[in-house]
Amino acid sequence: MHNNDESVPKRGMRIAVYAFEGATMFHLSVPPMVFGEVTRQHLAEWETILFNEQGADITTAEGYRIGGIHDLEDASGADLIVIASWYSDLRAPSAPLVEMLRHAHRSGAAVAGLCLGAFPVADSGLLGSRPAVTHWHSLDEFSSRHPGTEIDRTVLYIDHGDVMTSAGTAAAIDACLHFVRSHLGSDAANQVARSLVVAPHRSGGQAQYIHRPVPELNSLSPISEALDWATRHLEERIGVADMARAARMSLRSFIRAFKESTGNTPAAWLRERRLDEARRLLELTDLGIDGIASRCGFASPVTLRQNFGVAYATTPSEYRRRFNAQRRIGSAA
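In UniProt numbering, the protein residues as written are 1 to 333.
It should be emphasised that the hints constitute simulated quantities derived from the structure, not laboratory data.
Note that the Cβ used here is the ideal one computed from N, Cα and C, for glycine as well.
Certain hints may be false.
[Unchecked claim] Here are the simulated distance ranges between beta carbons:
| # | residue 1 | residue 2 | range |
| --- | --- | --- | --- |
| 1 | Asp89 | Arg252 | 36 to 44 Å |
| 2 | Gly77 | Ser195 | 27 to 35 Å |
| 3 | Glu45 | Thr303 | 47 to 55 Å |
The task is simple: from the sequences and hints, build the whole structure.
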C-alpha cells in the first residue's frame, strides 16, 4: 500500500507495540523511534505505547527493566498493532493475544509482524495464503509451520494494507518508514529518515546479507576435494563436469553424492560461490564490474548482473555503494 499524496491529512494515530519478557532493546525501540520522530518533527501526532497480556513490566534480553506497559484492553483501540519481534523458541502466541489481534484487525486496525513477529501474526490467521517474510534464519521454519503461506525470500517487507511483515532485525526500520510514507507521504518519510540518518528506502532484500558458508565435509571425501578444487578455480569457466572429474567420479554419481552431502546441486553451489566472491570483491576492491565478472568466472558482466539481481534483488553497483558507505562510516568511527 503506497500513498504518495503529499497532501495526506496530518491526523493522529495510536500505535501499540507488543513487549514480551526477553525482547531485545533494538526490536522494542525501532517502532517508537521511527513513529516518535513523526511527532517530534511536527508531521502528525502519533502516540506509541508498549503492551502485553497483563500490562506487566518486562526485563529485556540486555537486562534492562521496562515499566509503564499497557494491557490488551488499552492496546485494543490502536490504529496499528506491532509485534516487533518474538520469542527465540518461536512459541505459539497466547490465546488472549490471538483474540486481541483478530478483534483489532476486524475493527480496522493494521497489524505488523516485524522480524520474527511474523510468526504470531501468521499463527493468528491474519495472513491466510498471502505472501509474508521474516528473518532469513527462520524462513524454513515459517514455511513448515504455515505451508499455505507463500514466503518471499527476496524482500525487506511486504505490506498488504491491513497486515505487514518484515525481514530480519534492521528491516523493521524500512517497514516502519514505509508505514510513515503510506500514511503521510514521501516527504514526511524522507524527513524522518534524514533525522534518523538512515536511508529512506533501501533497494534489494535480505538475501544480500545472508552468509552461505561452505558445508563442512570430511576433508578426505571426493566431494570435499571437488569443493576445494572449485573454490580455487572460480575465475575459470568450470562446470559440473569439471567438478566431477576433480572428485574422480562419474557425472551422475557426483551429482547424486553432491546433493546428499550438501543439500544443494553442484550448479547452484557453484553459482552461489561465484556470487559470494563477487560480493567480497565489490566490498573490498575497486575492480570494475567487467573485472569482477572475469575474476568470478561469469561469462560476461551481463551474466553477473543478471545472477546478482536474481539472488539479491539489487545490482552490483548499488550493493557496492551501500557496503562501501558502511565501511567508510565504520572507519570514521
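For this session: Output the numbers, in ascending order, of every earlier hint that fails for this structure.
Result: The structure breaks none of the hints.
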